[in-house]
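Colleague: Each chain, letter by letter, is given below.
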Amino acid sequence: MWDRPLSVAMLALGGQGGGVLTKWLVDIAEHQGFLAQSTYVAGVAQRTGATVYCVEMFPQAEAEKHGNPVFTPYPVPGDIDLVITGEFAETGRAILKGFVTPNATTLIASSHRVYSIDEKSALGDGRLDQSTVLRVAREVSKELICFDMEQAAEDAGSIISAVMLGAIAASRALPFERSDFEDAIRRGAKAVSRNLAGFDAGYRLATAAPAVSGGAQAAEMPHAEGAVGEALLRRTAKLPQPARISAGHGALRALDYQDEAYAYLYLDRVELCAAADNATQNHELTEVFARNLALQMCYEDTLRVADLKTRASRFARVREHLGVADDQPAYIVEYFHPRYEEVCDTMPAAIGRKMAESARLRRWLAPLFRKGRNVTTNKIGGYLLLSVLSGFRRWRRSTYRFALQQEFITSWIEQVIAAARDDYRFAVALCDCMDIVRGYGDTYERGRTRFETATRLARASEVGNRADILRRLHKAALADEDGNRFHELQSELEAEIEAESVAV
Amino acid sequence: MAERSFKQEVEKLRLGDGEIFAGEGILAVTKALLECGVSYVGGYQGSPISHLMDVLSDAEEILRELGVHFESSASEAAAAAMAAASVNYPLRGAVTWKSTVGTNVASDALANLASGGVKGGVVVIVGEDYGEGSSIMQERTHAFAMKSQMWLIDPAPNTEDIVRAVANAFELSEASNTPVFLQLRIRSCHVHGRFTAKDNRVPSPTLADALANPVRDIDRIVLPPASFLHEQEKVNERWPAAVRFIREHKLNRRIEGRRSDIGIICQGGLLNSLLRTMERLGLADSFGNSQLPIYVLNVAYPLVDDEILDFCRDKASVLLVEEGQPNYIEQSINTVLRHGDCQAAIIGKGILPVAGEYTSTVLRAGLVAYLAGADPAWVAPDDPLLQVKQAMEVIADSVPARPPGLCTGCPERPVFASLKLMQQELGDFHISGDIGCHLFSILPPFNLGNTTMGYGLGAAGASAFNVSSEKPAISLMGDGGFWHNGLTSGIGNAVFNKNDGLTIVIDNNYAAATGGQDLLSSKGENPVRSTQHKIEKAARGVGVKWAKTVKTYDIAAMRSALKEAVNGKGNGPKVLVAQSECMLNRQRREKPQFVKAVHDGKRMEQDRFGVDADTCTGDHACIRLSGCPSLTIKANPDPLKKQPVSFVDNSCVGCGNCGEVAHEAVLCPSFYKGTVVHNPGALDRALWRLRSGFIGWLQERAARGRMRAA
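Chain order of the listed sequences is G and P. Numbering (my numbering) for the first sequence: 831 to 1334. Numbering (my numbering) for the second sequence: 1165 to 1874.
In short, the hints are calculated from the structure, not lab data. Predicted model, so just to flag it, every value in this text is computed and none were measured. Backbone N, C-alpha and C fix where the C-beta goes; we use that ideal spot for every residue, glycine too. Heads up, a few of these hints could be off.
No more than 20 Å apart at the CA atoms, straight line, and that leaves these computed lysine to any residue pairs for SDA-like [claimed, not checked]:
#1 1209/G with 1856/P
#2 1209/G with 1769/P
#3 1398/P with 1514/P
#4 1837/P with 1150/G
#5 1201/G with 1837/P
#6 1311/P with 1275/P
#7 1283/P with 1375/P
#8 1584/P with 1233/G
#9 1727/P with 1632/P
#10 1837/P with 1233/G
#11 1806/P with 1068/G
#12 1068/G with 1034/G
#13 1837/P with 1142/G
#14 1209/G with 1862/P
#15 1184/G with 1233/G
#16 972/G with 1558/P
#17 1766/P with 1158/G
#18 1398/P with 1335/P
#19 1662/P with 1700/P
#20 1184/G with 1234/G
#21 1479/P with 1417/P
#22 972/G with 1225/P
#23 1176/P with 1238/P
#24 1479/P with 1558/P
#25 1201/G with 1163/G
#26 1201/G with 1384/P
#27 1687/P with 1727/P
#28 1020/G with 1757/P
#29 1209/G with 1847/P
#30 1209/G with 1853/P
#31 1209/G with 1865/P
#32 1837/P with 1769/P
#33 1798/P with 1562/P
#34 1209/G with 1852/P
Which bits of chain P does chain G cover? Going by a derived footprint, with three or more residues having C-beta under 8 Å, they are [as the list claims (entries may be wrong)]:
#35 1798 to 1805
#36 1855 to 1866
Full structure from sequences and hints, please.
Modeller: Next up, the structure:
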């Protein structure tokens, strides 16, 4: 006995083929003797964000007995039998719209992400925490089928809507047989074999796969390629357990970046921190220190970029990204824009300093570096240029930037070690906060200035409060590009410090 | 050529008597127009009726066979004025647009049309862009119906009712000599359903017949003294005739319920949502049988006083479900009941929200609140959402919003990147926005634009700032808005008033935001329209001296043109035409050609961008200057780094913006362009072998060096 229509809601992004899937569902229903209605808001391809499609169906034979059912133009919460979301954040949205209810709804969700602009444009990591949404999705649905449908579609050489259709068929949430679904694909008469392949993949994975979240994987100990590396890794064994993996990666990175001596300098510094670390805190400090020290010591300069860009392994990665056949010509054009500042950085320290500080030299020479340059790395001229540049790294220690960087690192290490003794949380925060000092040009300058301001303000407050203040400033530094939030907080804190000093 | 093709589906328009038509709302409406013997159809695209315009365009052959003239009007005003053909002749006509914005534009013509009245039926099909999925201010077409005394039909959202409403609208229009609005809500336009078709009707008389035998009736022209006569006619003749017709033909519907003491009055467009919500509350079944009597206003204006009094007479209270504000219907019904000395209480706004869409959740709360007062014995079933409330709270703040944005490879992106870079250099400018895809500039990541005053009004929206300034106002306008009215209201206005500001006209060859319809400046050949009229030439034609056309992807040229324009040398307005084809349409056009060429063995080059993860800083500055869907992020493969890295997915079309931006904004050196050669020739192959052989040898040497040190 049918007392109401079967109700299906679908949340898809522009370009995911929500319309195609809707058409299939209506077609299947109508061919199986159902009355069917669908509605949607015309998604103008990619431009509109997410669209809700609504499909309802009711057996015609029952309608002849009881009258035509009233179909709704928009999903009615509490009443929805099947919800399909073509992307994982949309699963969260479907739940927030009230479409998913525990006794009624089978939820079919793709675990892959299409990041929203806010997540993508964050200065740090602005991504949604998928594991919470997954837990909630399991909690509020009658049944949850969740796997990476985008990947499944790609593997099957198909489109995601076909995979979704397969998952719907497998869920048994609709009263149709597998062959009914496949017939609809055939009737569509477009890309039939590809769609059937996607359908099959969806069907199989929906039947087999446990719900997955696509969370981050834990880092593993690296493998050394030679004796020097092995010796370095052996030395990390002396470090506290939680820091070993990062220190191992860090040491090999320093070796790859410069030379053996530099790698040992790195490990010396990590050991210095480990000695000041506190076992009761599970050596958290050494781990973050090791990670951030490696990144600061292996800062990216012109020489490093030239080195990385010319490696065979990188060429292979690019070819894989481009998806080209073995002997197919594919040229790699780089977009470089070395500015006057980068040129100063790469000069011997004395000359670099003079160039950086002399307004006249800057006026004369800076215009030469106003335009970006394109270099084709896998043509002979381009390769030679970059590989010669990369070879200069053996003189890196004498460059201006190296001197500046070591000065910065040394002072940071001193602060961390000092803080480790009397304010452990502050020491950890000093390492975490280092992630705002990265990149090139303006990004680097901005990060470094803010790091220095932040640590100065934190140190100006009482022991015990420092970590919190630094973390707040750290977060503010990553809030917006123009530094509005950071500067607001900075003035606020400076005013507080002023008030306190007056009170004293 | 529009984004979505209905070429195949329009064949359904040929169905005849008794055949079952299954399809979308917009096709059903078109079919109904043909069944009603319409002579002419015009309109202007805009969601939610863009696809109706596309259907009509694609059906042009079928329309011609029937002798129906279809016009892609220059604006809603032009479309509304078309209906003048029905003033003196018994010709049926239909015009369509997005409302209320389109109705605003059309108002002048509509008011004139409604004043003089019509002989042939005129139906104004408005896509009521209200609530979920809407892109405009939230207003009601109802107000226009009231002020000009045009009738407003609001059918239930299913194809059968919509098709019936079209026929009713023509008959009502002719019975009362008044143009009639047929209001289609967003989802009604795209509802798939079925109905039994009738034969199409060839219009008679034809447009040619009318032209051959002109009729002139001075009483139908809006000029004193006839205009005073019209006002009297409206209230003394047309309005009563309309009410009579609605009553006699039972255009409004009554669902009888078990209860006699309470009831509901609702707009037709809300009936389905209301009934289904009532079903959840145990107040109705799924077949439209309700415990409470319901009076359904399929005609939302004018009201039929007798029917209202008859429905309310024996009731203590009636719930009025009227979406949108002001609550015109509630006010009118209260007046009717007062005049009719009926004591039933009308409960509407207050229990239901004054403003905002009446979704099922909203209706449920309203029904529960109403019944709690009207029938204290009634117990509401548990709200299923209570079970999920807590779960919702857990994720409420973390699910990211997904605002609309520009498509992959959109040619407008480099224009906004250029503007953003210019602002970084010269400080912020006042930017007057317009309607179109380019209005997405106000959203992240560009965050550009201060106001938007309506379609084609970007330049006019900056006209007050006609004062000397280091930083003149900048206005934006799309090609669609330019031809709609911007050429006169914006450019001509600026020339005449000697405004020195800059107007950037985004010329992407189509009315892109509404789905890629052709317009005067479209570059492609259109067999039934005249295209290829240049925007720069039109601007110069109205007196602009400083006019330039720049390819949008050339950010360096764009930046220098922008700077030249705002540096204010020379008097008078500056018009910068930012030209490049809409990528969506370009891909649709070029991709099949490309695939075919590769398949046929022709040598073809294909560009795609990439980011080297190991040099990417994870700062995402590139994304903040782009927002391209294909430029996204992924987990950092480097175990030492936490921030996700930028990543170009395989939807990249190689437009070149990423590289240009990397150069101009001095971003990190991570971007690269991969140029893939398909079907390489002998020389290609030889050069490739030479290069990769030599470089491979050098790479091996370098790797050996590294190995020795490792």
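Colleague: Which hint numbers doesn't this structure obey?
Modeller: 3, 8, 10, 11, 12, 22, 23, 24, 26, 27
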